[in-house]
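Enquirer: Sequence:
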Amino acid sequence: MDKLFWRVTALALHASANFLLITWLTDFDISGSWLATAGFIVLLAILLGLFTWHILSFLFYFKNKIK
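Residue numbers (this note's numbering): 2 to 68.
Mixed in with the good hints there might be a few duds.
Okay, the calculated beta carbon distance ranges per label pair [claimed, not checked]:
hint, residue 1, residue 2, range
1, Ile67, Thr27, 37 to 47 Å
2, Lys64, Ser32, 17 to 27 Å
3, Trp35, Leu57, 16 to 26 Å
4, Asn65, Ala37, 12 to 22 Å
5, Asn65, Leu26, 33 to 43 Å
6, Trp7, Gly33, 40 to 50 Å
7, Trp35, Trp7, 22 to 32 Å
8, Ile67, Phe20, 22 to 32 Å
9, Lys64, Thr38, 17 to 27 Å
10, Leu44, Leu14, 10 to 20 Å
11, Phe61, Thr38, 33 to 43 Å
12, Ile42, Leu21, 40 to 50 Å
The set of hints was computed from the structure by calculation and includes no laboratory data. From the three backbone atoms N, C-alpha and C, an ideal C-beta is built for every residue, glycine too.
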């Protein structure tokens, strides 16, 4: 049970960190530079991929823990 608590906590912290980082990045005006816009899109794709990977890892852990 203790490991499940830490996994849920880590997942919530990851989601919060992603939200705060994206919110902070959207304060900047990147519309004038193609490089900045492309970098922002690449960063969003990386964060989405990592978050999806962590959610799937958590679901597989949870599925194996229930058995």
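Enquirer: 33 to 43 Å was suggested as the range; check whether the CB atoms of Phe61 and Thr38 agree with it.
Expert: Distance hint for Phe61, Thr38 holds at roughly 35 Å.
Enquirer: Can you let me know if the beta-carbon spacing of Lys64 and Thr38 is within 17 to 27 Å?
Expert: Given a distance of about 39 Å, which is not inside 17 to 27 Å, the answer is violated.
Enquirer: How does the Cβ-Cβ distance of Trp7 and Gly33 compare with 40 to 50 Å: does it lie in that range?
Expert: Since the Cβ atoms of Trp7 and Gly33 sit about 43 Å apart, the hinted range of 40 to 50 Å holds.
Enquirer: Is 22 to 32 Å right for how far apart the beta carbons of Ile67 and Phe20 are?
Expert: holds, 29 Å
Enquirer: Taking the Cβ atom of Asn65 and the Cβ atom of Leu26, is their distance within the range 33 to 43 Å?
Expert: holds, 36 Å
Enquirer: Note whether the CB distance of Trp35 and Trp7 lies within 22 to 32 Å or breaks it.
Expert: violated, 42 Å
Enquirer: Does 12 to 22 Å hold as the CB distance between Asn65 and Ala37, or does it fail?
Expert: At 42 Å between Cβs, range violated.
Enquirer: Using the beta carbons of Ile42 and Leu21, state whether their distance is inside 40 to 50 Å or not.
Expert: Violated, at about 19 Å.
Enquirer: Take a look at whether the Cβ-Cβ distance between Ile67 and Thr27 falls inside 37 to 47 Å.
Expert: With Cβ atoms ~38 Å apart, the hint holds.
Enquirer: State, for the Cβ atoms of Lys64 and Ser32, whether the hinted interval 17 to 27 Å holds or is violated.
Expert: violated, 43 Å
Enquirer: Measuring from beta carbon to beta carbon, are Leu44 and Leu14 in 10 to 20 Å?
Expert: With Cβ atoms ~19 Å apart, the hint holds.
Enquirer: Could you say whether the range 16 to 26 Å given as a hint is met by the Cβ separation of Trp35 and Leu57?
Expert: violated, 33 Å
The structure is inconsistent with the numbered hints 2, 3, 4, 7, 9 and 12, although it conforms to all the rest.
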